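Novice: Spelled out, the chains give:
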Amino acid sequence: MHNIRSKAGTVRRTLRLGVAGPVGTGKSSILATLCRELADELSMAVVTNDIYTDEDARFLRSAGVLPAERIRPVETGACPHTAIRDDVSVNLDAVEDMEDAYGPLDVILIESGGDNLTATFSPALVDAQIFCLDVAGGGDVARKGGPGISKADLLVINKTDLAPHVDVDVARMVDDARCAREGLPVLALSKKDASSVAELADWVRSLLARYRADRHTPVDPGPMAPHSHVHEGSHTHGDARP
Amino acid sequence: MTAGIGPLAALLLADGRLPVGAYVYSAGLEPAVAAGLTREEIPALLRARVRTVCVTEAAAAVLAAREAVARDPVDYGPLQRALAARTPVAPLREVGAALGRGVHRLALRLAPGHPAIAALDTAVLPGPPVLRPLRPVVTGALGAVLGLAEAELARTVVYDDLQAVASAALKLLPGDPLDSVAWVAQTASSVEEAVVEAVATSKPSDLPARSAPLIEQWALEHARTERRLFLA
Ligand SMILES: Nc1nc2c(ncn2[C@@H]2O[C@H](COP(=O)(O)OP(=O)(O)OP(=O)(O)O)[C@@H](O)[C@H]2O)c(=O)[nH]1
Ligand SMILES: [Mg+2]
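In the order they appear, the protein sequences are chains A and B.
According to numbering that gives the first Met the number 0, the first sequence is numbered sequentially starting from 0.
According to numbering that gives the first Met the number 0, the second sequence is numbered sequentially starting from 0.
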């Protein structure tokens, strides 16, 4: 049902890439950037998750980076976290509709709705995910950890052009993130810095190549990762429903 | 394959945690609230639904379950057409098909290759617009495969509708969540009447056609609303 048969007769499914992260950190902008950079070489579509409006889809349509019909908002019944994790039905419907209508697609980008550090995508919905923080949220956020920060396939620290205005040391924030991620990639990004944009696009190209070669294993960042508080041993919090 | 699990199936299908995407549906509450319905009137909305749309949907599920086990080849077409005809408002047919799609995905997971599930393709109406299998048809087919008794199936369908209203109330007209439970409990005797009527239905042409004009009117208005939490 989810598979597309290529002309050669081999089974190849579209790469489904999620973009999660706190409100306003630049998720929609990352989607727009990726479409702008990659849509000439790859067949792409976008699914957005808003709580209440179709704001994200409108923003992306007005950016003109993809034909409007390839950008679809899903309505998540005020359950944006459920829609990317505990019950991904409505997002799967949208993804499958896009694959049916415009397939074969190379990449479908899915933007999460909702608003916190613990919301990540289930592997039932995406093959890989980017977690997006920004410098304006403060230099400490990367150190605070959480499932997206520590385990997403790529952590983006966005809006580095703003760092001098918010007194954040980008190099240090990136180092903190690297520590929390035990070797997983971290990218300092600004839409105003062409070389960082090129790095982001290259990361997606190489992910797609690994995915196609069956060398990519989807990882579930899961609920709150085990962590420790000062003066206590390490423990895990239960996953609160949104 | 998961088949013939009997009474447990009723609990599984009625559980709000069932991951079939039903959280996008307020069963008419959000459109009603937009039209001015107050918190005090929610029990009245539940009573109205249980006597109208719930009877039709529960009866459709029962007929789908019978079709699933009675005939070879299984053909849900006549039932789907009868139910679509009794759902005259396009946005409600669309949401019925969207909700059916979630249950269909579950059915394919629980009973892949089962002939009664594979036959759900016979419920697709070509359109335009194409109408995927409506939720009562899919739930009935899955209920039959799981070995759910007819009355339990009918009760599950009605209960799910009432709980959709009651739980959406927590977001739309917030108050004590325990009230929501009490409202649903108070419908018990009308739920049983709906169950009896659903089980007594014998063929698609006899499917109860219970029109609820305000529910339909509000659903039409809701489809044109921009800022909303629920599809319908
Ligand atoms: N200076 C600067 N601003 C940025 C950058 N990326 C995004 N922004 C701005 O940050 C704001 C939020 O960006 P969005 O892309 O809408 O963020 P989002 O995460 O999609 O927001 P929500 O969907 O509301 O959670 C907008 O005003 C963007 O223009 C960047 O690299 N540098
Ligand atoms: Mg956005």
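These are computed hints drawn from the structure, not numbers from a lab.
Do not take every clue at face value.
Residues of chain B placed beyond 10 angstroms of chain A at every Cβ, according to the derived structure [stated by the list, open to error]:
| hint | residue |
| --- | --- |
| 1 | G3 |
| 2 | V19 |
| 3 | G20 |
| 4 | R104 |
| 5 | P128 |
| 6 | A181 |
| 7 | S204 |
| 8 | P212 |
| 9 | E225 |
| 10 | L228 |
| 11 | L230 |
If we take Cβ atoms under 10 angstroms as the criterion, some of the chain B residues that face chain A in the derived model are [to be verified]:
| hint | residue |
| --- | --- |
| 12 | A13 |
| 13 | R16 |
| 14 | A21 |
| 15 | R92 |
| 16 | L109 |
| 17 | H113 |
| 18 | Y158 |
| 19 | A167 |
| 20 | K170 |
| 21 | L172 |
| 22 | G174 |
| 23 | W182 |
| 24 | V183 |
| 25 | A199 |
| 26 | R223 |
| 27 | F229 |
Since the structure is predicted, the reported quantities are computational estimates derived from the model, not experimental observations.
Ideal Cβ placement from N, Cα and C applies to all residues, glycine included.
Novice: Let's test the interface hint: is any C-beta of chain A closer than 10 angstroms to that of V183(B)?
Specialist: Since chain A brings no Cβ nearer than about 19 angstroms to V183(B), farther than 10 angstroms, the hint is violated.
Novice: Far enough from chain A: is every CB of that chain over 10 angstroms from the CB of G3(B)?
Specialist: holds (25 angstroms)
Novice: Quick check on the hint: R16(B) CB to chain A CB, less than 10 angstroms?
Specialist: R16(B) check passes; min Cβ-Cβ to chain A is 8 angstroms, inside 10 angstroms.
Novice: Is it correct that the beta-carbon of L230(B) has no partner in chain A closer than or equal to 10 angstroms?
Specialist: Per Cβ check, L230(B) is inside 10 angstroms of chain A; nearest 6 angstroms; violated.
Novice: Given A13(B) was flagged as interface, is its beta-carbon under 10 angstroms from a beta-carbon of chain A?
Specialist: violated (15 angstroms)
Novice: Against chain A, with CB atoms and a cut of 10 angstroms, does the hint on A167(B) hold up?
Specialist: holds (8 angstroms)
Novice: Far enough from chain A: is every CB of that chain over 10 angstroms from the CB of R104(B)?
Specialist: At roughly 7 angstroms from the nearest Cβ of chain A, R104(B) sits no farther out than 10 angstroms, so the non-interface label is violated.
Novice: Verify the interface restraint on Y158(B): the C-beta must sit less than 10 angstroms from at least one C-beta of chain A.
Specialist: Not OK, violated: Y158(B) not within 10 angstroms of chain A, min 19 angstroms.
Novice: If you take the shortest Cβ to Cβ gap from L109(B) to chain A, is it below 10 angstroms?
Specialist: Violated - the Cβ of L109(B) stays beyond 10 angstroms from chain A, reaching only about 15 angstroms at its closest.
Novice: Are R223(B) and chain A close enough, Cβ to Cβ, to be under 10 angstroms, as the hint says?
Specialist: violated (14 angstroms)
Novice: So, K170(B) near chain A? Judge it on the closest CB pair being under 10 angstroms.
Specialist: holds (5 angstroms)
Novice: Using the nearest Cβ pair, does H113(B) come within less than 10 angstroms of chain A?
Specialist: violated (15 angstroms)
Checked against the numbered hints above, the structure violates hints 2, 3, 4, 9, 10, 11, 12, 15, 16, 17, 18, 21, 22, 23, 24, 25, 26; every other hint is satisfied.
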